[in-house]
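J.: We have chain A already, so just place chain B on it with the hints.
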Amino acid sequence: MAVKEAWGSRIGLILAMAGNAVGLGNFLRFPVKAVQNGGGEFIIPYLVCFFVMGLPLLFVEWGMGRYGGKFGDHSTPFILNNMTKKNFWKYFGVFGIFTNFGVIAYYTYIESWTLAYVFESIKGTFVGMDIQAVGNFFNEYVDIKSDGSIFNWPMKAIIFFTITLAINIYILSKGLSGGIEKAAKIAMPLLLVFGLFLAIRGLTLGKTGECVGCDSNVALAFIWEPSLNGLWNFKTWLEAAGQVFFTLSVGMGTIQCYASYIRSKDDIALNAVSAGFMNEFVEIVLGASIVIPIAVGYLGMDWVMENAGFMMAFKTMPFLFDNWGATLGIAAGVMWFGLLFFAGVTSSLAMGTPWMGFMEHEFDWSRKKAAFVFGCIVFVLAIPPIVLFQQGVFDEYDYWSGTVSLVVFALAEVIIFGWVFGIDKAWHEVTHGADIKIPIIFKFFIKWVTPLFISVVFIGALIKPNGDQWADAWNSFSSGNGWIFDNGSILNQIFRFNTPSSELKWFVEGSPTSLFFVDMSRLLLTLTFLFVCYLVFIASKKRKNKIPVEHK
Amino acid sequence: MSTSAIIMMLLVQGTVTAITGYLFYKVLTTKPNPEPDSYIENDSDPR
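So the sequences go chain by chain: A and B.
By the working numbering, the letter at position 389 of the first sequence is numbered 389, and the numbering carries on one by one without gaps.
By the working numbering, the letter at position 8 of the second sequence is numbered 1008, and the numbering carries on one by one without gaps.
So here's chain A without its partners, still in its complex pose (with noise of 0.2 Å):
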């Protein structure tokens, strides 16, 4: 029988819902964007869009989770139906559910690259090498082959991810104030004590003399040198819009998931304030401080705007802290992989806690049972990006799962609240029970400018053009020469316009081509969501049959 869920503390709740938004691209996605957006003329766009589309996205999130609270739904399927008074709706929740198991599937397998890197750092494993030697470290530990082998089998990396997901399964099994709470209370401060030593480290670094130009203030002053050129710029609009999106953890249905836990007359407008305002402390504060600096004081400049991205955590860093000496260089390791981890559990643990709400409240599941089924269902799911990782596979989970999927959902929800629900009652539930005065500005932001804002990035990806060059692009497309997608928009991904008929193949000689494991992962994800709508459809009849719950 479930148990039932609570938050602990207003403070643990906060830190919690601030661990779902911080996350690996609060230190990576967001100095990266910042580089291949001209640095300065980034942050302005960036501010904007976190005030006119994150907050307002945050006060909606909030808004509907402890709305649907009010009649014991923990989960987005529902909150939707009960707002809507339409059954259509509820499927539409399924994407609150769905893009959990997606992104958790290859996101988790991330989180134990830095599980695992923490234990190399403290084994010393990358004193001494070269950037090139811990590149190959990364290749070697996720099996990346270089011989046309399909099956990647990283059993190392393979171990360190079953021990993942085990401890994300055991928090979760613990519930909300036994589990998620409790971690949160402990790797957020870790996360911010290690954050602020390495943040401090990469300000203060300076000329380190490794090459001409290797100086940490030239990251600082190309990221911060003030510019207004990209208020003009369609394409730095997009990218800020995009990573302020990204970065609130929002369109994945765990916000509302941990706010339907709140009761009605109590505060969430300050609660969605301050812990949105901790995650830009972490992304604008310490996310800019730590990697662009750090390596532009031992690379240079025009190494990492040649190489900046992603990858850099683990194929780079490890090479900068060395030089440090070993024992520093070994403790600075041990923090920036320690302080990912965290920043990756806490968000990891929230996208389990949808399925969890529903499953306990729905059909009764207990908390281990459902914790144990959700890390089963995630185990099979994240097989085919691990053991098919050069083929694409993991690639696909995150642009369907982590990247099309919340924006469908961010944009559904912002018409729902603002337009279907009412913006009346929309502004009702955001404001009734606040401990702070939202300025009524808001209100106009949710109704009007956030959905335009979500609705342009949407668009925006799309018809991304070629190389995200829209000058180019609409000039092609009004010369009558038709629009030049780029490999990564929507409608190409749907349609591979780009791709030549001789390349859309399954099969080259009785081999798996990528396109085919590509359409595979596709086929899987499409089956996971048709697995939720099925649980909904049950879901819903048991319903007929039940009373509804109303606390207040």
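Don't take every hint at face value.
[To be verified] Derived, one-sided and incomplete: chain B residues facing chain A with beta-carbon distance under 7 Å:
hint, residue
1, THR1003
2, ALA1005
3, VAL1016
4, LEU1023
5, VAL1027
6, GLU1041
7, ASP1043
Hints listed in this document are in silico derivations from the structure and should not be mistaken for laboratory results.
Glycine included, each C-beta is placed from N, C-alpha and C at the ideal position.
T.: For chain B alone, coordinates are given in the frame of chain A:
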């Protein structure tokens, strides 16, 4: 690093830090609502 970059960095990072600190101070010092509230650690009887 130019003066304008230093000012921008201090302004943005300082503002974000100050707002975050203020919000946490407010969370910690705001009087809790009468029971039953959403949190179990301040309950006299565990649920």
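J.: Give a verdict on every hint.
T.: Do the hints match the structure? See the list:
The interface hint given for THR1003 of chain B is broken, as the beta carbon of that residue sits about 10 Å from the closest beta carbon of chain A, more than 7 Å. Interface restraint check for ALA1005 of chain B: the shortest CB-CB distance to chain A comes to about 4 Å, inside 7 Å, so the restraint holds. Because the closest C-beta pair between VAL1016 of chain B and chain A is about 5 Å apart, less than 7 Å, the hint holds. Interface hint at LEU1023 of chain B: satisfied, since its Cβ lies 4 Å from the closest Cβ of chain A, which is below the 7 Å cut-off.
Annotation: interface hint on VAL1027 of chain B holds; nearest CB of chain A at approximately 5 Å, less than 7 Å. The criterion of a C-beta within 7 Å of any C-beta in chain A is met by GLU1041 of chain B, whose closest approach is roughly 4 Å, and the hint holds. Because the closest C-beta pair between ASP1043 of chain B and chain A is about 9 Å apart, greater than 7 Å, the hint is violated.
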